[in-house]
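S.K.: For the sequence shown, the positions run -2 to 269 when our numbering is used.
Simulated from the structure, these hints should not be mistaken for lab results. You may find that some hints are simply not true.
What the hints assert, rightly or not - Below 20 Å or equal to it, Euclidean Cα-Cα: the simulated SDA-like pairs (lysine to any residue) are:
1) 189 with 74
2) 102 with 73
3) 189 with 66
4) 189 with 65
5) 101 with 113
6) 102 with 114
7) 266 with 242
8) 101 with 91
9) 259 with 215
10) 102 with 190
11) 266 with 219
12) 102 with 180
13) 259 with 213
14) 266 with 227
15) 101 with 160
16) 259 with 228
17) 102 with 76
18) 189 with 71
19) 189 with 73
20) 254 with 242
21) 101 with 179
22) 254 with 223
23) 259 with 222
24) 102 with 189
25) 102 with 113
26) 254 with 226
27) 254 with 169
28) 254 with 73
29) 259 with 232
30) 266 with 226
31) 189 with 46
32) 101 with 162
33) 254 with 227
34) 254 with 243
35) 189 with 91
36) 254 with 211
37) 189 with 97
38) 101 with 32
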Amino acid sequence: MGIRRLVRGTIEWPRIEAVIREIAERYDRDEVRVEFIDADNWLSTPCVVDDQWFVKITSDQNSLVHALFTSARNLGAFSSGTEGFFEHFAGPDEMADHELEATKKMREIGLNVPAPIEAFEYDGLGVLVMEYLPEFETFEQMTDERMHEHAPALFHYLSRMHDNNLAHGDLRGENVLVANDEIYFIDATSVKEERINEARSYDLACALASLTPLIGARDAVMAAREHYSAEELLAARNFLDFVNMRPDHDFDAATVKGEIEKLADAEDKEIG
-2 MGIRRLVRGT IEWPRIEAVI REIAERYDRD EVRVEFIDAD NWLSTPCVVD
48 DQWFVKITSD QNSLVHALFT SARNLGAFSS GTEGFFEHFA GPDEMADHEL
98 EATKKMREIG LNVPAPIEAF EYDGLGVLVM EYLPEFETFE QMTDERMHEH
148 APALFHYLSR MHDNNLAHGD LRGENVLVAN DEIYFIDATS VKEERINEAR
198 SYDLACALAS LTPLIGARDA VMAAREHYSA EELLAARNFL DFVNMRPDHD
248 FDAATVKGEI EKLADAEDKE IG
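With the sequences and hints as input, model every part of the structure.
M.R.: Below you can see the structure in the form of structure tokens.
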């Protein structure tokens, strides 16, 4: 546990207190109530302020861990036969700035995201402030019926993101929330603009990997087919083994590949 704390980079309490005082001053509050999120988050210290703002505090150590994750992901991309397309940030303030700007872009094209408020640097820390969603659920918390209802919507919004030359880069169950019966995206990472096509295929593979254990490979592929072509699904197939190596995905990659190939073959026969 000590090694995990060291790698995650626990921020000293006086520095956290100073950040919270700065937030209270920025939003004209004499005092604020802070609740820290008990999550296995390696890239920031997240907390909720006054049940109104979701705040991420990022340190140099978090930035270092992000660099290590980025290098590992780019190696995985090479294993899929393409150049690495993940980008690292120069420091904690740049990490906060990127997430703010990525969230703004997604919001501008009509995607549901927590409202971005601001990002700033304080005492060498990156601070991101966003809207707090007090009530939400993940796909894992839904009934089977509701999961099947929302699966096509996930691919609908993901395809809108992709059609606008954006990619999420870290799509997994905990980064897709359902609030007020609408899908919300959070925690987008940075990908290289010149490798956007590969990043989109990777996003699609991650979405299939997230849904397959919940609704089955066939239903996940068919839900994706409502918004992606067979060619796009075949491109995503190339990333499934890479996605399957990630510890935050657990699915049968061979079965998903088989469903994609069966769908593509059936469509080829129809055309022929």
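S.K.: Are the hints correct? Go through all of them and say.
M.R.: Hints and how they fare:
1. 189 with 74: With Cα atoms ~13 Å apart, residue 189 and residue 74 stay inside 20 Å; holds.
2. 102 with 73: 27 Å, violated
3. 189 with 66: With Cα atoms ~15 Å apart, residue 189 and residue 66 stay inside 20 Å; holds.
4. 189 with 65: Holds. Residue 189 to residue 65 sits at ~17 Å (cutoff 20 Å).
5. 101 with 113: Roughly 6 Å between the alpha carbons, so the hint for residue 101 and residue 113 holds.
6. 102 with 114: 13 Å, holds
7. 266 with 242: Violated, at roughly 33 Å.
8. 101 with 91: 15 Å, holds
9. 259 with 215: OK: residue 259 and residue 215 at ~10 Å, within 20 Å.
10. 102 with 190: 14 Å, holds
11. 266 with 219: Holds, because 17 Å separates the two Cα atoms, which is no more than 20 Å.
12. 102 with 180: 16 Å, holds
13. 259 with 213: 15 Å, holds
14. 266 with 227: 13 Å, holds
15. 101 with 160: Holds. Residue 101 to residue 160 sits at ~16 Å (cutoff 20 Å).
16. 259 with 228: Answer holds: residue 259 to residue 228 is near 13 Å, not above 20 Å.
17. 102 with 76: Violated, at roughly 30 Å.
18. 189 with 71: At roughly 11 Å apart (the allowed maximum being 20 Å), residue 71 and residue 189 satisfy the hint.
19. 189 with 73: 15 Å, holds
20. 254 with 242: Roughly 15 Å between the alpha carbons, so the hint for residue 254 and residue 242 holds.
21. 101 with 179: 18 Å, holds
22. 254 with 223: 17 Å, holds
23. 259 with 222: 12 Å, holds
24. 102 with 189: 16 Å, holds
25. 102 with 113: 10 Å, holds
26. 254 with 226: 15 Å, holds
27. 254 with 169: 19 Å, holds
28. 254 with 73: It holds: about 18 Å lies between the C-alpha atoms, which stays within 20 Å.
29. 259 with 232: 14 Å, holds
30. 266 with 226: 15 Å, holds
31. 189 with 46: 33 Å, violated
32. 101 with 162: Measuring from Cα to Cα gives roughly 14 Å; hence the hint holds.
33. 254 with 227: Between residue 254 and residue 227 the Cα gap is close to 12 Å, so the pair holds against 20 Å.
34. 254 with 243: Holds: residue 254 and residue 243 sit about 17 Å apart, inside 20 Å.
35. 189 with 91: 15 Å, holds
36. 254 with 211: 17 Å, holds
37. 189 with 97: The hint holds at about 17 Å.
38. 101 with 32: 25 Å, violated
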